[in-house]
Every structure is written in structure tokens, then in C-alpha cells.
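Colleague: What follows is each chain in one-letter form.
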Amino acid sequence: AQSVAQPEDQVNVAEGNPLTVKCTYSVSGNPYLFWYVQYPNRGLQFLLKYITGDNLVKGSYGFEAEFNKSQTSFHLKKPSALVSDSALYFCAVRVRNNAGNMLTFGGGTRLMVKP
Amino acid sequence: DAGVTQSPTHLIKTRGQQVTLRCSPKSGHDTVSWYQQALGQGPQFIFQYYEEEERQRGNFPDRFSGHQFPNYSSELNVNALLLGDSALYLCASSLVRLAGTKNIQYFGAGTRLSVL
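Going down the list, the sequences are from chains A and B. Under the numbering used here, the first sequence is numbered contiguously, ending at residue 123. Under the numbering used here, the second sequence is numbered contiguously, ending at residue 97.
Be aware that a few hints might be false.
In silico lysine-lysine, DSS-like type, Cα no more than 30 Å apart, as pairs [stated by the list, open to error]: (1) A:LYS66 x B:LYS83; (2) A:LYS30 x B:LYS83; (3) A:LYS85 x B:LYS83.
Just so you know, these hints were derived from the structure itself, not from any lab.
Just chain A, same shape as in the assembly (with noise of 0.2 Å):
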């Protein structure tokens, strides 16, 4: 079985200030790793993911994820938090060998950027 924990309900931030949206997970096997973004009455779009390589991963807006293994995290990061960056943010597994297509996604993050 695959899980994800978000373990932030809410996170708040200043705009200008770097923010830091956390996630672990649980996988037996490898893990793909994924982030998105929902912002009101809209579906899921997709930042960033974590194949293989690298542990820093660059994606959308400025994004940025770190892969640990040893911790099994990939928190999601940003230098310069925006206003506009206020969303409802989640993390997805899969795992490598995995015959199908599933995500397994955590129960998500809401983001406040206060002005």
C-alpha cells in the first residue's frame, strides 16, 4: 500500500518571505513523486515531479521540490512567496513498478500568502 501525509492543514506566509509546504510518504518500492496546485472551483494543475536524478526539482511559478529519501519527503519550496501563490497545494505518489497509472495523493495544504 502507498500513502501520503501532508501534515499542514494551513500554512501562512508573508508575501516576500521564502515558504516551505511539507510531505512524506510511504511506498514500497520507488517512488514518483508529485505536486499540484487547485485553486477554487478549478481542477488540479500540475507543478512539478521528481523521476529520477537530480533531488532538486524545478517546475512551475518559481517552484521548487527536494526528494529525501532517507526521510522519504519531498517538501514543496519557494524563495519569494506571492499573493497569487495562495491555493489549495498537493502531494501524489506512484509507485515505479506500478502496472497501472495511480496517484495516491495526500489529504493536501492550504496556502494563505497574506499581503
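Add chain B to chain A, keeping to what the hints say.
Modeller: Same frame as chain A, but now just chain B:
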């Protein structure tokens, strides 16, 4: 380039009724996955269709069924609706034929189903 489109956007049904939701994948994509997102929760995988067959299924009852057409579009059917089926239903498409398990799923805006 059109992304993933879903219809309808909103739907209201009563308990015991049946519902059909529709999804058109992103141009060039061959695989459709369906997810249920209850209020305040992350999406839960329902099933995935590839080459017009159900390839993988999550922990959902047989009341949930689907279909994929030759043009790769897909339908999700839910029979005997329960109050607990009220949720946002998300469709995601991907290109599995070339990318394999490294594929990225792209999501539609969803269909919000309310069961009264």
C-alpha cells in the same frame, strides 16, 4: 490545444438515481483516470481506462463503472446514488503509450455532484 474537458460542471441528483459524467482527454492522450474528491480531502482514485479497458481500480464499489470510447473519451457512471457520493469528480488524462509509468496526469476542472 484544448486541455481536459469535463461535462457537466454541476449536477444535482436524488438518492437512488443514476448519473453519467463525461470526459474528453487532452489532445494526443490515450489514458483516462477518474478521481473522487470529497470536500476537504485529497482526490481518491476510482479507476483508469487505457485501450478501452479498465486497467486499474481503486477501492470503490461496483456501483461505479466506466467506459472509454475509441476516440479516448470516457464516461463515469454511478448507480444507486448515495448521499456520500456527493463530491467533485475529476478526470485526468495522460499519454501512457510513450511515457509509461513516468507519465504526467493532467486534470480537468471537474464535475461537482450533489446528491440530495
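Colleague: Can you give the numbers of the hints that this structure goes against, from lowest to highest?
Modeller: Going through the list in order, the structure violates no hint and respects every one.
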